[in-house]
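These two chains come separately, so use the hints to put the complex back together.
Listed in order, the protein sequences are those of chains Z and E. In this note's numbering, each number is its position in the first sequence, counted from 1, plus 250. In this note's numbering, each number is its position in the second sequence, counted from 1, plus 2.
Please keep in mind that the hints were generated in silico from the structure rather than gathered at the bench. Idealized CB from N, CA, C, for every residue including glycine. Be careful, since some hints might not be right.
[Unchecked claim] Heads up, simulated DSS-like pairs for lysine-lysine below, C-alpha to C-alpha not over 30 angstroms straight-line: (1) Z:LYS389 - Z:LYS403; (2) E:LYS28 - E:LYS222; (3) E:LYS169 - Z:LYS336; (4) E:LYS19 - Z:LYS336; (5) E:LYS162 - Z:LYS336; (6) Z:LYS403 - Z:LYS336.
[Said to hold, decoys possible] Covered, in the sense of this in silico footprint (three residues per stretch, anywhere, with C-beta under 8 angstroms from a C-beta of chain Z), are these stretches of chain E: (7) 30-36; (8) 211-218.
Residue strings, one per chain:
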Amino acid sequence: MAKKPAGSKVAPARTAKRASAAEDWPNTVYRLLREGGVTQFAYVPDAGHSVCISRSLADPDVQSVALTTEEEGVALVCGAHLGGAKAVLLMQSSGVGNTINLLSLAEFGRFPFLTLVSMRGEFGEGNPWQYAMGQAVTKVLEAMGVQVLRAEKPEEVEEVLRAAMTMTWQSGMRVAVLLTQRLLGAKVFAPAT
Amino acid sequence: MAKTTTKSAAKAAPKTKTVTPVSERKSSGHLDRRQATIRLLGKTDDVLIIGGIAGAKDDAMGAAGGDVAHCYALGGAMGAACAMGLGLALAQPTRRVFVVTGEGELLMNSGTLATIGVLNPPNLSIVVLDNEYYGETGYQPSHTARGVDLVKIAEGSGIKATRMVTKESELDDAARMLRQSNGTSFVVAKVAPTDPERVPHSRDGNWQRQRFVRTVAAWKK
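Chain E on its own, in the form it takes in the complex (with noise of 0.2 angstroms):
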């Protein structure tokens, strides 16, 4: 009899979204994220690349050319990719490093951009994909949806290259100036509110670690 009880008031109580559907997600960001990154990056073969936590490190691989040795995903530790791209640029200062995050990951160590703008280190590239949303958890809005700049964010945190591209258009110009400028550069690409494609990887993160080190230590000889 309790069962039978049960049963109907779980029936009765309203559906919780638990993701919001892409008709209703609303985003001031229209560029496709794959293609946005593959065109930023540009040839990444002897590039090194952080890929962020979320759907940010399926872009960084996705530009990569799949699960390569030189680019470490995140799949955890919210907030580290910018951090841990700075460590690795002042380890590597002849190599081009990457740093592909969402604006959810920046927004959670934002001070991160004033560390890495006192130090400025030139070879340091980072990418922000901005869709506005919290892709990961459902969708929900994030600060980017609500009037916060995180271009504005990067230029007060010292960082003097820095870039907001909204159309097609414009990729070409930001491509350059990740690769030319001569202190660290940023740029938040406005990017529609779509699910980005997967690419299947190691999940490992120690076997990925090994690997990304074997790999940069060839690659000097």
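Bound conformation, chain Z alone (with noise of 0.2 angstroms):
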């Protein structure tokens, strides 16, 4: 049996292959994003990020980066980028709209861009207020060259992240997971009286 190097620590996150039985989805996803290379973390916060967020805060190796805006994120993704760096943004749907005019600079110089997308406005949603931009979510990012891939289901999210990221860094594309708010479960509002 090979012995340790006195005082190492194991870190079970990334050295991990497969996701154990215990692991949820959230955890899973910050796993493959490390795995996968990402090393600066951009988002406005939000519940359904929270996992990837507060990881990434924990993470010596990464850089854990709190936007003003969304916009501010595609330019940090395609900054990165440049510097031989992998970068995700996470954000919630209303956030897309405010990314649309900086997709241009993905879209127009080819950058590598990946996105995870926390859905409100749509399956058990309980604030009218959301239903204009999360219905409007594929629609936008399709517009302007983004791929949109959807993970409804625990059990698939790890599936849909996978190819996502091939999609990405394999293949240079622009793409957004948007996990569902079926999967993410609708947030809870009193009963309007």
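Listed below in structure tokens is the structure:
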């Protein structure tokens, strides 16, 4: 049996090749992104991405970048690529609307671009303000040249994300993975009185 | 008959000025924008540069010696320059990264200064060429002509190494700060509202990207 050097730490999240039965899909997402070489996580704080955000903050080997608006994230991902690094943009569906013109940079420059979008304004949404942007997400992204994949169930997250990562970094495409409201669970609001 | 009427109506209509003539542009800035950029950036052989939309990218390339591989010149996506510089600076922590942008582009995404301020990468140096006009769209006065102070916005965003440069005699000191600060540095240069001298360059963003990535990868060796 190989001896471990004294004081070495085991990093289970990064050494595990497959998801253990106990690993939930948000942790699978983080593990896959890290295994894929992502070193910059950019986000506007959001409940749907909370695991990725908190793990990126706790991970000494990555940059965790809190944005003031999602469009910064598009430019940041492109800048990271210029420097030879992989970055991912985590945003909510409403943030997609903020990225539109900045996606010109990703599209015209053919930058590899990966974003994970936590969805609102669809399955079971209780806040009517969310529908306008939520329902426009796919159309808007596709209009700007971004390929859109959806993950509806926990057991398909890994397959969809692996496909997206191949499309992004092997084929150099612009790709969005929608973490749907069915997957995330609709936010619970008190019934209107 | 109708044709004649239309023609004479067009003749009678008042002429709309699409570009404010140089003689009518009033700015507190007097520095020559190209010379100021050259002096603020200094030796550029081993630095990475993001050139912001419109005139700023020409000044960035002018300071870098032309359309060089390590200067990415933006021709659209207004507001991208600083955040792109941040991603690049985080990816290349041992290299100096300059962002050269105009005040109009910075104002479009001044929140990026807050994003940068909390991370404060010491290898990121931002140069804002502030002529107090939106030059590319015909020289309409910008917010900085009307009291907005970008240095204060940067300071309020947590960037500590800041400087407003209005005179040539202040350029060398600002250039030193851009290179030697132990956090992100930010300089606003008040430049004259003259048209920037254009630098011939590739306008293919994809080609520019590939050339940049290849070059940086080769530098690492």
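Results of checking the hints against the structure:
1. Z:LYS389 - Z:LYS403: holds, 22 angstroms
2. E:LYS28 - E:LYS222: Judged against 30 angstroms, a Cα distance of about 46 angstroms means the pair is violated.
3. E:LYS169 - Z:LYS336: violated, 41 angstroms
4. E:LYS19 - Z:LYS336: violated, 46 angstroms
5. E:LYS162 - Z:LYS336: holds, 29 angstroms
6. Z:LYS403 - Z:LYS336: At roughly 26 angstroms apart (the allowed maximum being 30 angstroms), Z:LYS336 and Z:LYS403 satisfy the hint.
7. 30-36: Our answer is that it is violated, as 0 residues pass the Cβ test (under 8 angstroms) against chain Z, missing three.
8. 211-218: Held - the region 211-218 of chain E has 4 residues with a Cβ nearer than 8 angstroms to chain Z, which meets the minimum of three.
Against the hints set out earlier in the document, violations occur for numbers 2, 3, 4 and 7.
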